[in-house]
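These protein sequence lines are chains G and U, in that order. To convert, take the position in the first sequence, counting from 1, and add 201; that gives this note's numbering. To convert, take the position in the second sequence, counting from 1, and add 293; that gives this note's numbering.
Any given hint might turn out to be false.
[Stated by the list, open to error] Chain U is nowhere near these chain G residues, computed Cβ spacing over 12 angstroms in every case:
| # | residue |
| --- | --- |
| 1 | Leu257 |
| 2 | Glu319 |
| 3 | Ala323 |
| 4 | Arg335 |
[What the hints assert, rightly or not] Sample of chain U residues at the chain G side, in silico, Cβ under 10 angstroms:
| # | residue |
| --- | --- |
| 5 | Tyr307 |
| 6 | His333 |
| 7 | Thr335 |
| 8 | Phe340 |
| 9 | Ala389 |
| 10 | Leu475 |
| 11 | Ile478 |
| 12 | Gly483 |
| 13 | Arg500 |
| 14 | Trp503 |
| 15 | Leu505 |
| 16 | Asp510 |
The hints are simulated quantities; they were obtained by calculation from the structure and are not laboratory data. The beta carbon of each residue, even a glycine, is placed where N, CA and C say it ideally should be.
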Amino acid sequence: MPDQRAPTPSQTVGPFFGFALPFAGDADANASAPLRIQGQVFDGAGAVVPDAILELWHSDAFVRCATDPVGRYRVTLPRPRATAGPDGSRQAPHLEVSVFARGLLRHLETRIYLPDEEAANAADPMLALVDPARRDTLVARREGAALRFDIRLQGVSETVFFAL
Amino acid sequence: MRTEVAAPQFEPPYLHPDYRATVLRAPGQRLVRLPEEWFHRTAGPAFGRIPVSPSDADLTRQHQGEPLGERIFVSGRIIDSDGRPVRATLVEVWQANAAGRYVDPVDQHPAPLDPNFTGAGRCLTDAHGEFRFVTVKPGAYPWRNHENGWRPAHIHFSVFGPQLDSRLVTQMYFPGDPLIPLDPILRSVGDRGRDLLVARFDLETTRPEWALGYRWDIVLRGRAATPREV
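Just chain G, with the same shape it has in the complex:
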């Protein structure tokens, strides 16, 4: 008899979620001054990942977006605010990002920090726990009127992921 309280293990989302998980308006949360974020997902060989589905959220919004045939996603949502952190500190405004895909037996969790919040990012207690050489993988960059945030699952410039 297995331990009843052991968490139910994860299994991959697989390749066939496209008729089930997307919903009308899934990638665009209503917002008066929306933040547009776009990017691509890449695997360890640098190939695009056309069968991932991302969830991005913060305290005021939730969006879901499947990648297209060239691994692209594009979402709009309200700008996140700074939140409380450990010991009276402040966490810089950020989004939580969950990555689901065929080949991911468990989802990956990362964060998007904003490029125009340099001071807040420099003081962020969570970014401080990340190897300084890899921190920039967590900060979006400007791309026209939008922000760009690519996700590299493996290899050179691999995105920082957080242990679940």
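Chain G is already provided as a structure; the job is to place chain U on it using the hints.
Chain U alone, transformed into the frame defined by chain G:
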């Protein structure tokens, strides 16, 4: 202060070469651990924008006619690691039809589509953390992971729960399926993990002369409610 007793864990590794797609998609760097209270226990995504109506839980009534296959009930309870029910949380399911074919255009398996079956459903758990779906038993289907590879019959589940930690996407399998010991995806969680992913046949929820009942309980990480300090 609460005493924390860590539950045994049977999560799959990211890299599991027998499941070939993990080889280029598993992160190579060590995952960064953030403090529990400020990461794992922060509120999870508010899923309220995902539409759900009571009829979404019956996958056999989404078209004019009834789907072919063995009609089944799939029900269970969602609890947190302390055993408390997770109420009013969103459960999404999707599956192949009885012939082992997904509606999804990505699926090229030359088994018939069923015009009366889409294979996607949603519901919210009730006050006891219970969910219940009516569907047909999905068929096994081939995949090209390895020579003559077949996936055991399964239903995909997506569950939110209250906090970042509790988000779960997984698969439920059926008891007695001969493909279970051969499946690289299921083998990634070991024998004890596998036992947690296989439903049980349940005579109590089986309705005479109508449909078989399967029960499958889901345990989410974290807590359904934050305990107050007394």
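Here is how each hint holds up against the structure:
no.	hint	in the structure
1	Leu257	violated, 9 angstroms
2	Glu319	holds, 21 angstroms
3	Ala323	holds, 18 angstroms
4	Arg335	violated, 8 angstroms
5	Tyr307	holds, 6 angstroms
6	His333	holds, 7 angstroms
7	Thr335	holds, 8 angstroms
8	Phe340	holds, 6 angstroms
9	Ala389	holds, 8 angstroms
10	Leu475	violated, 15 angstroms
11	Ile478	holds, 6 angstroms
12	Gly483	holds, 9 angstroms
13	Arg500	violated, 26 angstroms
14	Trp503	violated, 26 angstroms
15	Leu505	violated, 22 angstroms
16	Asp510	holds, 8 angstroms
Comparing the model with each earlier hint shows violations of hints 1, 4, 10, 13, 14 and 15; every other hint is respected.
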